[in-house]
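Enquirer: These protein sequence lines are chains A and B, in that order.
If you're matching positions, the first sequence starts at 1 in our numbering and goes up one per residue.
If you're matching positions, the second sequence starts at 1001 in our numbering and goes up one per residue.
To be clear, the hints were calculated from the coordinates, so they are not data collected in a lab.
It is possible that part of the hints are untrue.
Heads up, incomplete: computed chain B residues facing chain A, CB under 8 Å, no partners named [unchecked claim]:
{"#": "1", "residue": "L1036"}
{"#": "2", "residue": "F1072"}
{"#": "3", "residue": "R1221"}
The C-beta atom is built at its ideal place from N, Cα and C for all residues, glycine as well.
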Amino acid sequence: MTFFEIRKKAINIMMFTLTGLCTLLTAGILFFILGYLVVRGATALNWDFFTKLPVPVGETGGGMAQAIIGSGKVLFLATLIGVPLGFLGGVYLNEYAGGRMAFIIRYATDLLNGVPSIVIGIVVYTLVVHPARHFSTFSGGVALGVMMIPIAVRSTEEFLHAVPNSIREAAMALGASKWLAIVTIVIPAALKGIITGTMLDFARVAGETAPLLFTAFGNDFWSPGWNQPTATLPVMIYNYAISPYDDWHRQAWAAGFVLLMLVLILNVTARLILSRGSFMPRGAV
Amino acid sequence: MATGPIVARSRALTPWVRARSFLRHALTLDAAAYTLTLLAATTIFLITLLVCYELYIQSALARETFGWKFLFTQAWNPITEKFGALPFIYGTVVTSAMALLIAIPQGLGAAIFLAEMAPPHLSDALTFLIELLAAVPSVIYGLLGIFVLVPVLDNFVVPALQSSLGFLPIFKGVFYGVSYFSAGVVLSIMIIPFIVSVSREVLLAVPLDQREASMALGASRWQTTWRVVVPFALKGITGSIFLALARALGETMAVTMVIGNTPQIKVSLLASGYSIAAIIANEFTEAAGDLYTSALIELALVLFAVTFIINGLARLLIIATTKQGAQA
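Just chain A, with the same shape it has in the complex (with noise of 0.2 Å):
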């Protein structure tokens, strides 16, 4: 072999081994986040954390009880709110829709994709949240529901794409209408798809922190009905994490660990059901 030729095997196994120390590096990130989330979380949590509401300054002990409903009907409104719109555009978008109308309509969900969360939170602000003068549930929900929107619509639009038309002609050639084949039998084969789909939706914006803060803003005690300020899991993580107080960080952590698990465990789940699925599109989701 000559110089060039070992060279050359030689630059090639090490730009290689390079390579897969970084993916190693990228993929041990994620082992190092849950393994320290157990360790810190997991031992800072107790049953208190789910029943009781904080205690004042200086005490130790009390829960986030209050932050666990808030977070949970924040995030029911926005699944009602953003589910069924994202739903019906996708199947507007894939069934009906054709030529520039669907561009114009896709490119504004994309837009409405891309713009940063903190700015839809000014957004429900300025028009949800300053002419009633006051923070509440309902405008969480808002907020988050409008960036479950896009996400809805890209899903539903891909999975009922990966239906084959073979299965919508036949439907129509049995005698059933558009709406009927739509119905009936698209929807149906993409059902799956559709629901992991919603999964990861909402395993997205159950993290999300920054439009929380100026609509649910937050509150510590229970905050009844959809009209005053609440408190939300992601804010109170925030809130305890940057003040000065030991007893506070340990329950940062604990609620960091609830929230992390809920969301990787409706994403493992999601992507379980999805590598079985029937019509998987690839890069769907």
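Since chain A is already given, all that's left is putting chain B on it; use the hints.
Expert: Just chain B now, with coordinates in the frame of chain A:
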């Protein structure tokens, strides 16, 4: 379904009959389903429009008061009502640039390994793990930033940097932990998954015969990857980087928690600074006075405009490469 001929025939009939047949057509479930989905799609379009409109209108006061000067002045004084965005723009740009500097080599390296080297099953599993990183909420990155990254930087990384590269102005000064540097590192970890995931897809879309042709000429696998596959996919890779950049620019919580929140411009990366998203997060709820609020909304408008442009470019680049791959 049978309405077609009726409508056609009705052209010759009186307006009343035509109206009735139109109604009958519009009241079918088919038309209702169409209208419902069209309505949803239009609503989405209007929401997007409303976001742009609100930002533009609500920032009018600040735009009229300060003009373009807003972007180039440093003062940020709520009491004298003098507002300039430069320290925040600077902080956003510096931290994002630093994040890219770390994330591009590491992310591209990982994407190359996953697309060119790893066996498909291993590649899929590792990609799955890396994509999960993108799902970790940003407030958790901030939490880890404050309590893990900052102490590590303070005890190990910064002393090493200062003893070796301390002569550079960017590494001068005292390190208090919260800084551009910490924010840049946190951001880099947050954007790597986007670079890896999209770049890997783009690399996989490069046609096999490109690789075979190169190998047939005697090139090693690395030479093939670096001189044939990567250049072929370059547009898409650039697109993935832009996508990551847009994320970094708009990222709020993690940056707010580690950048230090000091409205100043410092050459040293070890100094504390501020970013556009961070100042909005910190001051928006406390902003007293219309001009103050309006100035913060103008910052949001700036952020929106920049991410809009960068996302648009990213999309064009990624579409261009995947099409190229499909044609070749």
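Enquirer: The structure should be examined with respect to each hint, and the outcome stated for every one.
Expert: Structure-based check of all given hints:
With a least beta-carbon distance of about 6 Å to chain A, the hint placing L1036 (chain B) at the interface is held under the 8 Å criterion. Taking 8 Å as the C-beta cut-off, the interface hint given for F1072 (chain B) is violated, the closest approach to chain A being about 22 Å. Restraint check, R1221 (chain B) versus chain A: the minimum CB separation of about 6 Å is within 8 Å; hint holds.
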